[in-house]
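There are 6 protein chains.
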Amino acid sequence: MTALANERVAFFNGQIVPESQVVIPFRDSGFMSGDAGFDTTRTFNQRIFKLDEHLARFMRTLRYLRIEPHMDLATMKAITIDVFERNRHLLGPHEDFWVSQRWSRGGDKWAGDKGTTPTMIIECSPLPYASRAALFRDGIDVTVPSIRRTPPDSMSPRAKTHNYLNLILADQEVKARDPNGWAVLLDHNGNLTEGLGSNFFIVSNGALVTPKANFVLPGISRETVIDLARAEGIEIVEADIDLFDAYNADEAFLTSTSLCICPVRRVNGAAVAEQRIPGPVTQKLIDAYARLVDCDFVAQYLHHLPG
Amino acid sequence: MTALANERVAFFNGQIVPESQVVIPFRDSGFMSGDAGFDTTRTFNQRIFKLDEHLARFMRTLRYLRIEPHMDLATMKAITIDVFERNRHLLGPHEDFWVSQRWSRGGDKWAGDKGTTPTMIIECSPLPYASRAALFRDGIDVTVPSIRRTPPDSMSPRAKTHNYLNLILADQEVKARDPNGWAVLLDHNGNLTEGLGSNFFIVSNGALVTPKANFVLPGISRETVIDLARAEGIEIVEADIDLFDAYNADEAFLTSTSLCICPVRRVNGAAVAEQRIPGPVTQKLIDAYARLVDCDFVAQYLHHLPG
Amino acid sequence: MTALANERVAFFNGQIVPESQVVIPFRDSGFMSGDAGFDTTRTFNQRIFKLDEHLARFMRTLRYLRIEPHMDLATMKAITIDVFERNRHLLGPHEDFWVSQRWSRGGDKWAGDKGTTPTMIIECSPLPYASRAALFRDGIDVTVPSIRRTPPDSMSPRAKTHNYLNLILADQEVKARDPNGWAVLLDHNGNLTEGLGSNFFIVSNGALVTPKANFVLPGISRETVIDLARAEGIEIVEADIDLFDAYNADEAFLTSTSLCICPVRRVNGAAVAEQRIPGPVTQKLIDAYARLVDCDFVAQYLHHLPG
Amino acid sequence: MTALANERVAFFNGQIVPESQVVIPFRDSGFMSGDAGFDTTRTFNQRIFKLDEHLARFMRTLRYLRIEPHMDLATMKAITIDVFERNRHLLGPHEDFWVSQRWSRGGDKWAGDKGTTPTMIIECSPLPYASRAALFRDGIDVTVPSIRRTPPDSMSPRAKTHNYLNLILADQEVKARDPNGWAVLLDHNGNLTEGLGSNFFIVSNGALVTPKANFVLPGISRETVIDLARAEGIEIVEADIDLFDAYNADEAFLTSTSLCICPVRRVNGAAVAEQRIPGPVTQKLIDAYARLVDCDFVAQYLHHLPG
Amino acid sequence: MTALANERVAFFNGQIVPESQVVIPFRDSGFMSGDAGFDTTRTFNQRIFKLDEHLARFMRTLRYLRIEPHMDLATMKAITIDVFERNRHLLGPHEDFWVSQRWSRGGDKWAGDKGTTPTMIIECSPLPYASRAALFRDGIDVTVPSIRRTPPDSMSPRAKTHNYLNLILADQEVKARDPNGWAVLLDHNGNLTEGLGSNFFIVSNGALVTPKANFVLPGISRETVIDLARAEGIEIVEADIDLFDAYNADEAFLTSTSLCICPVRRVNGAAVAEQRIPGPVTQKLIDAYARLVDCDFVAQYLHHLPG
Amino acid sequence: MTALANERVAFFNGQIVPESQVVIPFRDSGFMSGDAGFDTTRTFNQRIFKLDEHLARFMRTLRYLRIEPHMDLATMKAITIDVFERNRHLLGPHEDFWVSQRWSRGGDKWAGDKGTTPTMIIECSPLPYASRAALFRDGIDVTVPSIRRTPPDSMSPRAKTHNYLNLILADQEVKARDPNGWAVLLDHNGNLTEGLGSNFFIVSNGALVTPKANFVLPGISRETVIDLARAEGIEIVEADIDLFDAYNADEAFLTSTSLCICPVRRVNGAAVAEQRIPGPVTQKLIDAYARLVDCDFVAQYLHHLPG
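Protein chains in written order, with our numbering: chain A, 18 to 324; chain B, 18 to 324; chain C, 18 to 324; chain D, 18 to 324; chain E, 18 to 324; chain F, 18 to 324.
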């Protein structure tokens, strides 16, 4: 098989192939039912970040979905590194990759086929610098949609699966009114949870507050920020956060694998108290994060701002 | 392109191709997020059943998902009939097809690609006679899992999408204890909703009762049974049904596109009052259904019982 | 006491006075706690509409709040008519009034003063033609905020009180993103309820559907539309309406005392199916409403469009 | 302008005026919608208590309501002190004042007037010694009404607004059966929250327990008691408290700006375990509170018992 | 075995014995867990009322509890009549009996004993005329406690079991404040359900309204009143009733096996609109009920008023 | 009175009698309504375990139920010890007793009899070694039923009462599919609570996690395990546990008075990660528990395995 010039390669069911050959039979339950788990880390300066933590979380997702991995952790790690190394030459100087594992159950459920072997993909993709650069310059406008995060007794928000419609519907609500808005959803108790692949933090009287891990995916970036805050001597509280807290935040930011830390400018149109974007506590954490990963990710994003 | 001998063909993004060529790029949001809508009817004696009603419902699903169909209804209908006709010769004498439309949003959401054109599939597949035949002989053992049906303000249960994990997790709970069990879920108010692709009915004092359409997909088969019941002079009530009702049912059955009407034997291990499977009201409705579709679907299933 | 030239007069605690003299001691519980009930009808061609029905509803609100009216219905009606007649000369040719009764409990609750006599106001005010005219030309953009309508076991949404913050907060969420947006809230079950002083209707397959009266104020205009629909032979259903229904509506409109019937253009940014604003069923009801009140209220609004 | 002899004065929209001149135009949204925020501290021995903390909380309420204060904190503080000083001579030897800021949004919402300037009031009022004195002698009879505290996703219980009907309705339920009863409401999860302007504490096995701040206004008196308990070496826990806990309390008390700490005698008619009112832990905290504010507030109240 | 003079007899596990010999081994799961079902009818003028309907409902309760009756319906009916006839001579001229079946699962669950045979009791007891007579003279004071009716997905309120603590706790809350109060509980949606063994009705604009049967035991007396209302041409609606409805009722009453129909005077201390007790619609239904059962049950109760 | 040879004796309303004479009049509200509280400890090597803690908890249950104990704690303790000593000779060498207090309200509620004196029972019973021995050998198969634990605002799960139908219905659901299954219920928020008389623990990354005490009976064995874990240096967290946590547990176990600690093998059919039963942390806690009570309770159970 031949790849296009500059085409990325991926691991697909046992082989390294050009990405254009990673195609899913439409009867695969990953396509038919979003019946798949995944996890995504990124590189910083072309080094993979916290791969072990991400793979451990990936295993928890698969376990929740009862998808047998059919591969041990060491192999998964080795292939992930291999896939990255094979694509590395495609990165420009100010660029890094997302690196993901995706395992669908495989098989055709409707035909009574239980899927004895999962469909396995390990792949890289370029971070969306251009479309997100302005967020680092201006801050994110968080909007809370009317849709509530799927409750844990319907499907755990802590499993990272290919069933993303709850978050996509939320995003559509928000984007229909503000194409640059970022949806962060409430749970059925009225507490803020998370946005599409992102965790929410506020700074209140010098302390950092973030929703408890019950209704949100416990992000690795979230974990990283909590650790950094402790090291910096910033008080950190995991607590219920409702709109009253959000509207009274001194600062706010989102974390995600790709964003690391990105400041929030407004929540439902109300500006956070601190006028500087990012505010001082956010800035301190951004600096600490950049030191940790040895990569000025903010500069990296801003570098892609349209001329 | 050439198909394998006896391979089915399908419509895929504008062309009729062998099914093995209907493969989805892994970055398609239909695979990445289960971000797709579908609808499924079946044939009876090789005639497509209520295609217009199914296509109308498909349009409602797409509208809810904000996926532009990029095809008008008449074309969709014509292609559906064409796909069926091209595969018809593959059916055996006691066999019929499921016939489905599947539209994913397409594009790669994570890359900021909005998916200007949906990925479009129209396809047939054989009904799972063998794996379900015993259900018609013995009745279905319905089990209510601990998981609750996704609530309407997280994602509408009335849209028919590729996000099936809520129902798959429910099914796993049930199948782990009884491989022949069939999950029917409660909503967060404690009322029975639906099972994987199926609606639930009970017979109580001669009247037919089925959950209101709020928390369930309003099945075309469900609608058909309601119409038949009216024609047969059987009282029909759309009402909340809880476990008390279910345990006190005289008879119970499931409806779905493939099953049409299939009797229920037990709910959470408690046998329905009527010992005969199917009970007299269920039998009356099965007979009326068979007359309507001019196909003895029960015999069709039982024909596939292992010798 | 003397009124300004062209100043409206109002009934205030037993006397007819210029509006500028209708001032509330700040310790009145109506100011301190929003502890007041009200009702509002309007005139059409300078005739008061359904005053008896509005006064009956006002009595139900006072009863719920345990505010003794200290006035009988006949007197209340006579004063209402009197207040209107005294202000009538201030109306221009294309203008009508809102006409309201407002009773606060009076007294200073915090001082242990139970308020033996309510503070009583009966007043007129000009309809907001200019600010709403564009809604009749373009249709309303309904947005569903993240805030839920106050549940009945916290405070009944069916009492018309001076505690409006739930709806004001909802309105702020929506207006922050779209100054012309109109908030319609979900209840805690995920069903649409009402907007600020307005009821929501959709047209679906030729039938009219509106939320049941449990979580919404049973508007007199809503009642009027239901009666008109029956007279016109349009099927009318009171039912739970969720976002799936709203996104699939053929037409939609809001009713309120001032708007009567005003077409909806979009719900959460998604256009209703019918492109014409108003759609044919909405138009039919508008026409019937105009005949009933003998006033072309749409023309009245459009007349105030900025030149 | 002239005040009545012995009439208190207040700050009203920029001026110091006699209270009888602090009157609100009835179209002000503070009257029409309870659309206002406030905060209240008190004096002890004629010194204002924790004014900074109260003003900071007032700012959070205004921020939640999106009412621009149009005044900086230092000015607000100075005016508050000034208003108090101007009224101080009206206090008797055993008397103190409530001191409040009240900001309504102003304007006439219904007329589309957004209220560019808030209506601003800073005022004093005498504490209700006579009506509450018996509570200090006998203990409070807490009754839990059927009504639930407004949930945070309808309106935050942590904002101190003029929308008090939820608490007034609760109070009416309780007072209709026991004129001396004091309503403390459950939230929708079945946990005790707060009463009209008051926080609830129990003593259980020597530890102090009070509801978490999620569903309750985080009272300054509550905060003060928590600090005092820590200083006294009393364990203090913020936790969910349900009726089981309340019925098994060794002691219980309410805190509020005016009451400081007032012992509870019964909850829903069931006497707390400790027969002495106040119990030993409550007494210890009362003593510490009195030392902190240098005022024997219990004696102050008891002094007003009817002869 | 010998009975005391004038001692009632009962059926107990196969034998007719004096009531004093109907004693339950303490390890019986009926005592240890309230693990029993029952049903109760009454006599009118010493004729058993709607025994078949009550036995049918009893069977539904047993079925829900999975207690095998070990007796057919005809035998149960015959024994019930026999027990009544044997005790009939103990009734005074203005007296009637409650007549009940009670089946506990038997066995000692904790010892792993599944209870192969139920403990069976059929018994009579005198109606509590004296303690309830005043309710017919004055009307019932309904109070809504803070406790919510057990939700259907915890235990169906439609099964009549020996697990009465939810209703007893509600009753204690109410009786602690008003010994003559009668608890009627809300469900978790804020709708009124039922009181201890009694259904709630209101009269509103001439129509009769009663809660839907979802959250309440569908009383036979409730059913009887619905039938009588239809026969009398009174509109009858099964609908959600919240406090707003209850406070605005023109009339209200409770039904139960023993009370038949008993007027309500107040709900949470608020008097129903109609001052006469009973109001005209209630009186009409009482008269119709008395004709149906050929017994002036109101006179029967009033006859037992203390001198 | 004479006991059968080898018959146990019990305390019953003031006297020590053979168990066969501990019989409850069927009109006792303990039988009629499950209107009773109880508590149960056990012996280890024929010494009563933590009797004071159990009696204190018993008092809390009675207080919640408003049942006056009519006996002081010291007497209750003395009688409990006396009853145990009188039955001790009936224990075999590898056997111990459950020791319980049971107080029903007494009286006949329906007759208006308030039950001035409770029915009092103190009794012993042999532990169910044989029926539970296999659980210690194989591990418990936990299944989560569809039924939810009764919510605290319907009846507190923290009171130990004779109203066990919620848990019995849950058990029936589970046992109907797997006679060896053990029901552990979710609460209405989707968090795991408890099983019939048992608390649930998981081991996750070396830490012990168990549900917070809000929705569960705070077991004495649970408390004991928490203390032992602390002493052993095992981190212990009281937190919400949902199905995601449970499916990802490294180890899991149940605690109860009789089981002490019993390992869990599967949750909803999914095996815990650690293949050894019990896993290393569970084993460590079992060992510590056995040392504390000076009794190898696991050996005791296994000794009763069928040959």
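Please note: incorrect hints may appear among the correct ones.
As the list claims (entries may be wrong) - Residues from chain E shown here face chain B by an in silico Cβ test under 10 Å; the list is partial: (1) Y81; (2) R83; (3) P86; (4) H205; (5) A287; (6) K301.
Simulated from the structure, these hints should not be mistaken for lab results.
All residues carry an ideal CB built from backbone N, CA and C; glycine is no exception.
* In rising order, the numbers of the hints this structure does not comply with -> 3, 5, 6
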